[in-house]
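From first to last, the protein sequence lines stand for chains A and B. By the count of the numbering used here, the first sequence reaches residue 305 at its end, each step adding exactly one. By the count of the numbering used here, the second sequence reaches residue 305 at its end, each step adding exactly one.
Quick caveat, the hints were computed from the structure, so don't treat them as lab data. Be careful, since some hints might not be right.
Pairs involving identical chains hold if they fit within one copy or between any two copies, as the list cannot separate such chains.
[Stated by the list, open to error] Think about it this way: if two alpha-carbon atoms lie no more than 27 Å apart in a straight line, the pair counts; the simulated DSS-like pairs of lysine-lysine are:
1) K149 to K28
2) K149 to K30
3) K177 to K113
4) K30 to K113
5) K302 to K54
6) K28 to K113
7) K30 to K140
8) K113 to K176
Protein chains: 2
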Amino acid sequence: MSQLDNLSLFQNRIDNFLKQKLAEISINDQRLFDAMNYGLLIGGKRMRPYLAYVTAEMLDLDLEDIDPIAAALECIHAYSLLHDDLPAMDDDDLRRGQPTCHVKFDEATAILAGDSLQTLAFEIISNHQFKNISAATHIKLIQMLSSAAGYQGMCGGQAMDLAATDKKVALEHLQTIHRLKTGALLQAAILMPARCREDLPEQTFIGLQQFAQQIGLAYQVHDDIIDITSNEETLGKPAGSDLDANKSTYPALLGLEGAIEKEQQLFQQALSALEALPYNTRNLSNFSTFIIKRAH
Amino acid sequence: MSQLDNLSLFQNRIDNFLKQKLAEISINDQRLFDAMNYGLLIGGKRMRPYLAYVTAEMLDLDLEDIDPIAAALECIHAYSLLHDDLPAMDDDDLRRGQPTCHVKFDEATAILAGDSLQTLAFEIISNHQFKNISAATHIKLIQMLSSAAGYQGMCGGQAMDLAATDKKVALEHLQTIHRLKTGALLQAAILMPARCREDLPEQTFIGLQQFAQQIGLAYQVHDDIIDITSNEETLGKPAGSDLDANKSTYPALLGLEGAIEKEQQLFQQALSALEALPYNTRNLSNFSTFIIKRAH
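Required output: the full structure, derived from the provided sequences and hints.
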């Protein structure tokens, strides 16, 4: 497995920032608070925060302005997992090798904890006193977050994904699903920091956007591949669970070999997008390698 | 029943604005879009938008700056109803005399529609080009919305309310529940427009806050009262449903007479708060009367 520079450093950084944000909340309902805490801090790779931090480093930004962006993205991601795991949705009992939130607590609490984590994302990003960006850029960041999270982003993708269960969909349709469901938030993790560099040439922004789109898809293709090739212990959830549910996946559509080939194409396109950028893109390039090598 | 000036005018205004916002969304998943539309436009009294508009009129604000505030509040309110009605929460089949969202569609769609409506609230308010407020005030509005909606507001109140089911709680605890569950959003409907009047003296802001707190509680006390005294046809949901579930309510705690007396106290306190304000408060005063006279 490829190693990511500073991965644990940034994992610790975002965990500490999230803990601090949770500690600032005055407790009304302990059970809901515990469930939010569980959903947010149980673990996870913190890929979105990592992407946000390394993009910011590449652009020589003050990381203290990136903390709330990384935290808001992680809150949105965490809320989506809580709701995706619900019995009415994917009905998963395990997540990262631990009981899912509705199993550990109960369904009502998991629904409300998800709802509260979504709000917390907007609370964190709107309340942060940014050091180096204008109020107009601050508003722009909130626009980008809401656009990535909602109907035209992650949520819409999740609905399309559910609708595609038990159906064979065209490759283009599958890509739209993943562009929204997973891609929108990963893209935001790169482009929100990019917006904080207020003098960034539009061409560079577009280059980063192209990179983000390719690795967003590669991420999902690889997720589909390891769901088949990994075992339960490595994955922390029942292996093959996506195939069992007759979901539309790249291996289901292209075969395992075809999916691996597709992943390689996306990887190469991502690297090409990076090459055009006038920055040291080593961490983003390593991230792309990491994406297609990871075992879980 | 007391009449509210311009109620239907403002109902039409917010409905048209919400329809316009939904029309601007590019369709990915038709079913999710239909469920969002159903949750947002099936009806309702539009009390939060009404409060926002009449507060803005009183303060001589441009109503075009109030549309996104009213719409965001209504999106948050609508999402909370979709999730509250779910089988794992209140398990209601009827809402405003119509099938609830998860009955009309399905649970997964109702969960995602609620999630998307919450995001839409932040999307609408962050994307609006305000005409008369600074970017700093724009950010402040988003802070106020997130604070009213999340763990320390509506969501927290809903969790406390669920936790209080089948329990007898103290009056103070019940008031905290309602201050959060219903009060926070009603208060935001008054105070978000107030923040748009950037030269508003702090004392006036505090006076409006006091008014908002009293009518927020009165609103909930009256809800509890009519749940007992109304019939199903008037209410659009099974009468006495809150008592059936052994929820903590004012009539359950104070008796019906005691609850009516409590409501009168809150009403008088709300009027007192208004009297101190250097504005024509007739519409807010009428609103208070409306709150405690309405039959559903």
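Original post:
If you check each hint against the structure, which ones fail?
Top reply: none
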